[in-house]
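Asks: Numbering (numbering that gives the first Met the number 0), first residue to last: 0 to 80.
By construction, these hints were calculated from the structure, which means they are not laboratory data.
We put the beta carbon where it would ideally sit given N, CA and C, even for glycine.
Just so you know, not all the hints are guaranteed correct.
[Stated by the list, open to error] Computed list of lysine-lysine pairs in DSS-like fashion (alpha-carbon distance at most 27 angstroms, straight line):
1. Lys46 - Lys12
2. Lys50 - Lys12
3. Lys69 - Lys12
4. Lys36 - Lys46
[Unchecked claim] Label-pair ranges, simulated between beta-carbon atoms:
5. Ala77 - Val54: 18 to 24 angstroms
6. Ala77 - Thr30: 33 to 39 angstroms
7. Ala11 - Lys46: 28 to 34 angstroms
8. Ala77 - Pro13: 29 to 35 angstroms
9. Lys36 - Asp57: 29 to 35 angstroms
10. Val21 - Ser55: 19 to 25 angstroms
11. Lys36 - Ala70: 29 to 35 angstroms
12. Gly58 - Glu35: 24 to 30 angstroms
13. Gly58 - Trp18: 30 to 36 angstroms
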Amino acid sequence: MAQPPSSSATSAKPYPPHWEAVADLRVFRTTSLQWEKLIGWRADMRKRGWKLLRVSSDGPELVAIFGRTKAERTEARAREP
Numbered sequence: 000m001a002q003p004p005s006s007s008a009t010s011a012k013p014y015p016p017h018w019e020a021v022a023d024l025r026v027f028r029t030t031s032l033q034w035e036k037l038i039g040w041r042a043d044m045r046k047r048g049w050k051l052l053r054v055s056s057d058g059p060e061l062v063a064i065f066g067r068t069k070a071e072r073t074e075a076r077a078r079e080p
């Protein structure tokens, strides 16, 4: 699976702390132009069980947060050959 381009991460997490207790999270930072080009990659993430939880802007960057509950992760592993 191809990874989207990423720029420097900030120290503050762009999601509430309690999200980490119930889900695996992936934070991607990119430009809005690059985000539009990643439509296929985003579809692949959804096929793999990741949900787009939040999209926001942080200055010139777009911040996208994908999540998958820990229960969903366990179910996905059980279905793998």
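Asks: Each hint: holds or not?
Replies: Comparing the hints with the structure gives:
{"no.": "1", "hint": "Lys46 - Lys12", "in the structure": "holds, 25 angstroms"}
{"no.": "2", "hint": "Lys50 - Lys12", "in the structure": "holds, 18 angstroms"}
{"no.": "3", "hint": "Lys69 - Lys12", "in the structure": "holds, 19 angstroms"}
{"no.": "4", "hint": "Lys36 - Lys46", "in the structure": "holds, 18 angstroms"}
{"no.": "5", "hint": "Ala77 - Val54: 18 to 24 angstroms", "in the structure": "violated, 30 angstroms"}
{"no.": "6", "hint": "Ala77 - Thr30: 33 to 39 angstroms", "in the structure": "holds, 37 angstroms"}
{"no.": "7", "hint": "Ala11 - Lys46: 28 to 34 angstroms", "in the structure": "holds, 30 angstroms"}
{"no.": "8", "hint": "Ala77 - Pro13: 29 to 35 angstroms", "in the structure": "holds, 31 angstroms"}
{"no.": "9", "hint": "Lys36 - Asp57: 29 to 35 angstroms", "in the structure": "violated, 19 angstroms"}
{"no.": "10", "hint": "Val21 - Ser55: 19 to 25 angstroms", "in the structure": "holds, 20 angstroms"}
{"no.": "11", "hint": "Lys36 - Ala70: 29 to 35 angstroms", "in the structure": "holds, 32 angstroms"}
{"no.": "12", "hint": "Gly58 - Glu35: 24 to 30 angstroms", "in the structure": "violated, 18 angstroms"}
{"no.": "13", "hint": "Gly58 - Trp18: 30 to 36 angstroms", "in the structure": "violated, 22 angstroms"}
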